[in-house]
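Q: One-letter residues, chain by chain:
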Amino acid sequence: MSVVINPSDWLYALGGGLMIGLAAAVLLGLSGRIAGISSIMAGMLANLFPERRLPEVSWRAMFLLGLILGGLLFATLFPQLVQQRLQVGWGGMIAAGLIVGYGTRMGSGCTSGHGVCGIARTSRRSIVATATFMAAGMLTVFVIRHVLHLS
Amino acid sequence: MKALIALGSGLLFGVGLSLGGMTDPAKVIAFLDLGGQWDPTLAFVMGGALLLTTPTFRWLLRLKRPMFEQSFYIPTKNDVDSDLVIGSALFGIGWGIAGLCPGPAVVAMYTGAPKVLAFVAAMVAGMWLRDQVALRRHRRQLAAAPQSSPADLSRS
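The listed protein sequences derive, respectively, from chains A and B. Residues in the first sequence are numbered consecutively from 1, following this note's numbering. Residues in the second sequence are numbered consecutively from 1, following this note's numbering.
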């Protein structure tokens, strides 16, 4: 293993992380909601089915719209800082999407809800979840790259 | 007001994910690739976020209520069960394959890249599938509970 780190990248990463944390704190402090993206998406999905309708639909849609607009805004202001190098083809993207969707619902959260918000509340469940998906992600990349040599 | 707060928070979140580099699958995979040339940069994203959320969440959750709501909506479950571990492991596998987790995938929708849209559509399908499974299980448990005792029903 060798470690590579681009000296300016970690400052961007830290800045981005602080903004994410501020966004989560604003949502919790003003609206009392957890900024967990998989749960917000699933909450919107549930509202498509009357029997599972949750109160307060609109804030979820607005949060997701904000995410997309945030990406657009950043890419417009700083196009030179945006890179999006996709790593897999159609099959990989669709399979991964399915697994991510199924897994985040089964495990009640993803990187944002468990990793950023849950750990901040020192939730035991979120600490276990974060350690598990980090380890599973690293193992998956190891198998794909260094055992199967697929990429 | 709540819609406006959500829009603002989402916008800030989306800019943060972009600036942090989470929306670049190559960078995410490089972060997860301990066996190759490991790029630990993205640890600063979660570190930076926690640096802010850890003290502020602690302070906020001591307040009686959020500013524009009657109460906080915080998950109440506290037990580590097999669903949590298996679900998180599955999520990690998908994250490792494509290098995208739900937030950055939604942010990247602005590009209109067909493969990103396919990932998001598949993710929504996976969520729906899991929620159907959970709903069926919940209904079965309700049906199995003795109907004469409302106390049992409320606990299930």
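Hints may be right or wrong, so weigh each one.
[To be verified] From the structure, some residues in chain B lie toward chain A, with a derived Cβ separation under 10 Å:
1. Gly-10
2. Met-46
3. Gly-48
4. Leu-60
5. Phe-72
6. Leu-84
7. Pro-102
8. Gly-103
9. Ala-105
10. Met-109
11. Val-120
12. Trp-128
13. Leu-142
14. Ala-143
15. Ala-145
Hints were generated in silico from the structure; no laboratory data involved. Computed from a predicted model, the values in this text were never measured in an experiment. We put the beta carbon where it would ideally sit given N, CA and C, even for glycine.
Q: So which of the earlier hints does this model not fit?
A: 13, 14 and 15
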